[in-house]
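**Student:** This is what each chain is made of:
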Amino acid sequence: MKKPLLVIIVLGLIVFFTTVFTVDERQQVVILQFGDPVRIITEPGLHFKLPVPFQNIVSFDDRLLEYDVAPEEVLSKDKKSLIVDNYVRWKITDPLVFLKTVQAIPTAITRMDDIIYSELRRELGTHNMTEIITEAREEIMEKVTRNSDEATDQYGIKVVDVRIKRVDLPKENEQSIYARMEAERNRQANKFRSEGDEEAQKIRASTEKDKTIILAVAYKEAEEIRGEGEARALEIYAKAYNKDVDFYEFLRTLETYKKVIDDKTTLVLPADSKLFKMLYE
Amino acid sequence: MQTKRVIIGDREVKIPVLGIFPMIAIGLVLWLLTGTYIVGPDEVGVVQTFGKHSRISQSGLNYHLPYPIETVQTPKVTEVKRVEIGFRTTGKNQFRTIEKESLMLTGDENIVDAELIVQYKIKDPVAYTFNFVKPEQTVREAAEATLRTIIGRHKIDEALTAGKFMIQEESKFLLQSILDKYETGIFVVAVQLQDVSPPKQVIAAFKDVASAKEDKNRMINQAEGYRNNVIPKARGEAQAMIREAEGFRVARIARAEGDVAKFNAMLVEYKKGKEVTRKRMYLETMEEILPNIEKYIVPDGDGSNLLNLLNLNAQGGVK
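Residue numbers (my numbering), protein chains in the order written: chain W, 9 to 289; chain P, 22 to 340.
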C-alpha cells in the first residue's frame with residue numbers, strides 16, 4: 009500500500025527538479041531541445057522546462073565582464089612607437105548568437121581581441137602622438153569602443169568600454185624625453201639665476217644712482233646755505249667798514265702784521281722809519 | 022513512541038525510534054531554521070527569491086526562506102575601500118613604488134611620477150552585487166586609466182604644483198562617470214593625489230630649478246639689503262652736509278656781526294681822537310710783534326748796506 013506511493017513521490021520529485029529551474033540575477037539562460045536552442049531567458053526567477061532528456065539549459069553570465077589586453081606596441085600617425093595597454097568591459101547581450109558563434113568566454117575573448125586590436129591600431133594610426141597622449145585619448149577610446157561594438161554584434165557581444173589604461177613610450181624614447189626634460193629644467197634654472205643677477209644689478213645700480221643724487225642735491229643745498237652765509241657776512245662787513253674805509257684799512261693792516269710777521273721773520277728796519285725815527289734824534 | 026532494543030556488550034539499551042513523518046517534520050523545521058541570518062551593522066542583506074532580487078534587509082537578525090528558495094548576500098555598505106595606484110602599502114608607513122603604474126606622460130610630453138589613492142564605497146548594493154565582476158580590479162583599472170587621461174590633459178608644471186587639486190577633482194569626476202557607466206553601484210568617496218614628482222632620473226635638475234629660484238630671491242634680497250644699507254647712509258651724509266652748512270652760515274654771520282660790532286665800537290673811540298689813537302695802536306702792535314723776531318736796524322735809511330750786513334752775519338756764524 010505504502011510502497012507505490014513512495015515511488016510516485018520520488019519519481020515526481022525527480023521530474024519536478026529537472027523541470028523547475030531558477031535563473032539568477034547574474035545569469036541568462038538558453039534552453040536547448042535535443043541540442044537545438046529554443047528559448048532564451050534573461051528574466052531572473054523561477055522557470056519551467058521539459059524534463060531532462062528533452063530539454064537542457066546552458067547559462068551565461070549576464071554581468072559586465074572584464075578582460076585585460078596585454079600591452080602592445082602601436083605606431084602613431086607621426087610614426088612614433090607607443091606602448092598601449094588597454095582593458096575591455098563587455099557583456100553577452102545575445103546568448104543565443106553567442107552560443108552559436110563562440111560558445112564560451114575564452115573563444116569570445118580571442119575573437120574580440122582580434123577586432124579591438126585592429127580597431128585600436130587603425131584609430132591610433134590616424135592621430136599624432138601628442139594627440140593620443142592629450143586631448144584625443146577619450147575620442148579615440150569612444151571610437152574604438154563604438155567600432156568594436158558594431159563588429160562584435162555577430163557574436164552576440166556588446167563592447168561597453170575599451171579604455172586605454174596606459175600609453176607609454178618604449179624605453180629608448182623615454183631616455184630622450186628625460187634628456188629633454190633635463191635640458192628644459194637647466195634652461196629654467198639658468199633663467200632664474202640670470203634674472204636674479206639682473207634684478208640685483210638693477211637694484212644696485214639704482215642704489216648708486218640714488219646715492220649720487222642724494223649727495224649732489226645735499227651738496228647743492230649746503231653750498232647755497234654757505235653762500236648765503238658768506239653773502240650776508242660780506243654785506244654786514246661792507247656796511248660797517250664803509251663808514252670809515254681809512255680806519256678799516258689801518259686796523260686790518262695792523263692785524264695783517266700780527267699774522268704775517270712771526271719769529272722766523274728777519275726784519276731790516278731803516279733807522280729813519282716811523283718807529284725808530286726818534287732813536288737818532 | 023516506538024523503541025528498539027540494542028545490545029551493547031552484555032547490556033541491553035532501549036533506543037527510541039522515530040516514525041518517518043516525525044522525522045520529516047523535524048527535518049523540515051531544521052531546514053526552515055537555516056533561513057535565519059544576521060546582517061552586521063555595516064552591511065545590508067540583498068535577498069534573492071529563486072535567483073531574482075526581491076528585497077533588501079537591514080542590520081540585525083533576519084529571516085529568508087531557506088535555500089534553494091531564497092538566498093542572501095551581505096555586502097558591507099558603510100566600509101570605505103581603498104585602491105592604490107602607483108604604489109602599494111607594504112606595512113606600517115612602508116611603501117613600495119610601482120613605476121610601471123606611476124610613471125606617465127603629461128600633456129606636454131614630459132614624464133611624471135604620480136601616485137593616487139581612491140577611496141570608494143557601495144552606494145547601490147543591488148547593482149554592486151549583480152551587475153559586474155571583480156570590483157577591486159574594476160576600480161583599479163578605471164582609476165589607472167583616469168589618472169593617465171587627466172595627467173595627459175595637463176602640463177608637467179601644473180601637475181607638479183598648482184594643478185594638483187584640479188587634477189584630483191577632474192579624476193574623481195571622470196572615475197565616477199566611468200563606474201556609473203559600468204553600473205557598478207560604487208560611489209567614489211575621495212581621490213587623493215599623493216606625491217606628484219619628477220622621475221628620479223631627472224629629479225636633480227628639477228631641484229636645481231627650485232634652488233635657482235631661491236638663488237634669484239637671495240640675490241635680489243642681498244641687493245635690497247645693500248640698498249637699505251647705502252641709501253639711509255647717504256641720506257644721513259646729506260643731512261650732515263646741510264646741517265654743517267647751516268652751522269657755517271650762522272657762524273659766518275655771527276662772526277661778521279661780532280667783527281663789525283668790535284669795529285663799530287672802536288670807530289666810536291677812534292673818532293674822538295684820530296691821530297692819537299692811530300699812533301697808539303701802531304705802537305702797541307709793534308710792541309707785540311717785534312720782540313720775537315730778528316731785526317736789523319740800518320742807520321742810513323736806504324738799506325744799501327744790507328748785503329754787507331748779511332755777509333757779516335754769515336762769517337760770524339762760521340767763526
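Treat the hints as calculated values from the structure; they're not laboratory data. Since this is a predicted model, take the numbers as computed values, not measurements. Possibly wrong hints are sitting among the right ones.
Here are some of the chain P residues that sit facing chain W, going by a computed Cβ distance under 10 Å [stated by the list, open to error]:
1) HIS74
2) ILE77
3) LEU124
4) GLU191
5) GLU305
We put the CB at the ideal spot given by N, CA and C, even for glycine.
**Student:** Next step is simple, just say for each hint if it's right about the structure.
**Tutor:** Verification of the hints:
With a cut of 10 Å, the hint placing P/HIS74 at the interface with chain W holds, because the nearest CB-to-CB distance is about 5 Å. Residue-level restraint check for P/ILE77 is violated (minimum Cβ-Cβ distance to chain W is 13 Å; threshold 10 Å). The beta carbon of P/LEU124 comes within 7 Å of a beta carbon in chain W, closer than 10 Å, and the hint placing it at the interface holds. Checking P/GLU191 against chain W: minimum C-beta separation of about 12 Å lies over 10 Å; hint violated.
Annotation: P/GLU305 was flagged as interfacial toward chain W, and the flag holds, the nearest CB pair being 8 Å apart, inside 10 Å.
Of the numbered hints stated above, those contradicted by the structure are hints 2, 4, listed in ascending order.
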